[in-house]
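Q: Using the sequences and the hints given, assemble the complete structure.
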Amino acid sequence: MNLRPLLPLTLALLAAPHPDAAELRIGLIGLDTSHVIAFTQLLNDPAHPSHVPGGRVVAAFKGGSPDLPDSRDRVEGYTQELREKWGVQILDSIEALCAAVDAVMLESVDGRPHLEQARPVLRARKPLFIDKPMAGSLRDVIEIFRLARETGTPCWSSSSLRYYPGLIELKKTDVGVVRGAVSTGPAPLEPHHPDLFWYGIHPTEALFAVLGTGCERVVRTHTPDTDVVTGVWRDGRVGTLIGIRNAAAPYRVTLFGTRAVVDQKPGGDYAPLIREVMRFFQTGVVPVPPEETLELFAFMEAADESKRRGGAPVTLDEVFAAAGWTGRRAP
Numbered sequence: 006m007n008l009r010p011l012l013p014l015t016l017a018l019l020a021a022p023h024p025d026a027a028e029l030r031i032g033l034i035g036l037d038t039s040h041v042i043a044f045t046q047l048l049n050d051p052a053h054p055s056h057v058p059g060g061r062v063v064a065a066f067k068g069g070s071p072d073l074p075d076s077r078d079r080v081e082g083y084t085q086e087l088r089e090k091w092g093v094q095i096l097d098s099i100e101a102l103c104a105a106v107d108a109v110m111l112e113s114v115d116g117r118p119h120l121e122q123a124r125p126v127l128r129a130r131k132p133l134f135i136d137k138p139m140a141g142s143l144r145d146v147i148e149i150f151r152l153a154r155e156t157g158t159p160c161w162s163s164s165s166l167r168y169y170p171g172l173i174e175l176k177k178t179d180v181g182v183v184r185g186a187v188s189t190g191p192a193p194l195e196p197h198h199p200d201l202f203w204y205g206i207h208p209t210e211a212l213f214a215v216l217g218t219g220c221e222r223v224v225r226t227h228t229p230d231t232d233v234v235t236g237v238w239r240d241g242r243v244g245t246l247i248g249i250r251n252a253a254a255p256y257r258v259t260l261f262g263t264r265a266v267v268d269q270k271p272g273g274d275y276a277p278l279i280r281e282v283m284r285f286f287q288t289g290v291v292p293v294p295p296e297e298t299l300e301l302f303a304f305m306e307a308a309d310e311s312k313r314r315g316g317a318p319v320t321l322d323e324v325f326a327a328a329g330w331t332g333r334r335a336p
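Going from the sequence shown to the working numbering is simple: count from 1 and add 5.
Don't take each hint at face value.
[Stated by the list, open to error] Cross-link-like lysine-lysine pairs, in silico, DSS-like; alpha carbons within 27 Å at most:
hint	residue 1	residue 2
1	K90	K67
2	K270	K177
3	K270	K176
Just so you know, these hints were derived from the structure itself, not from any lab.
A: See the structure below:
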């Protein structure tokens, strides 16, 4: 499958008409993550100190994955809280949800059903934010962006770490010419997902937030407690992900430049991400280019392939080709 017509996947190509209403009606898909409660509180509670105005969660589709304990054991409790505390209407289908809202947040904790859950939203041309992981495979991420472009529907995904204040400040710091970065964080594994998709996606997203696109190849060192994934960018920069299990693992990025080495300041919450989501719903402009999201997912899949090959280097072009995308760079 040649997906070259996808390129360039620009913000303008994914922009679409959006509602002009003062308060947008927002729908949730997948009520099996604590994010649905946290995000709804930020949007629906004007008294919250970090309240994000402009929209309100009004409807939801329960979803859930019976074979995933983190989904199966939590979905009913979160559904009950949304219905009883926040007055959210629980609907029986995604199609019914789309008919009742102006924009959608896909929140299912399991990335595997995201493509099928996104299809009816994109067909309905509702602006769509997809919480991490965007999907359960690079191939599915590619297909979601293809459908978004085909339907002219704005769609994006991000970890909340991209908008932590310390990371934003780090990106603005003048370190001279950036030579590389190290991103650290927890990386517990979940057997239904590629290793880094489950939680390692957070420090991976932070790494790409400071280095951007251009990663050429990846090498992974794996032990039961630690993963070290090193990527080499086409301009010679080196980005390293350190994923930690069974030990303290604060989120932190260190940026290396010709004039300074700077560490990210700790701290952060969901409010900056939800502000970006609301701005997206209001404007139809995606804040993270699709090319960057595609590349960070290819980075994670290449890390899995390197692990299978005993730590041998794997190029991102090879991983993209295996996923059916033969021309990841704009001509």
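Q: Would you mind marking each hint as holding or not holding in the structure?
A: A quick look at each hint next to the structure:
Straight-line distance between C-alpha atoms of K90 and K67 comes to about 16 Å, which keeps the hinted pair within the 27 Å bound. The suggested pairing of K270 with K177 holds, with an alpha-carbon distance near 13 Å, which does not exceed 27 Å. Of the pairs offered as hints, the one joining K270 and K176 holds, with about 12 Å between alpha carbons and a cut-off of 27 Å not exceeded.
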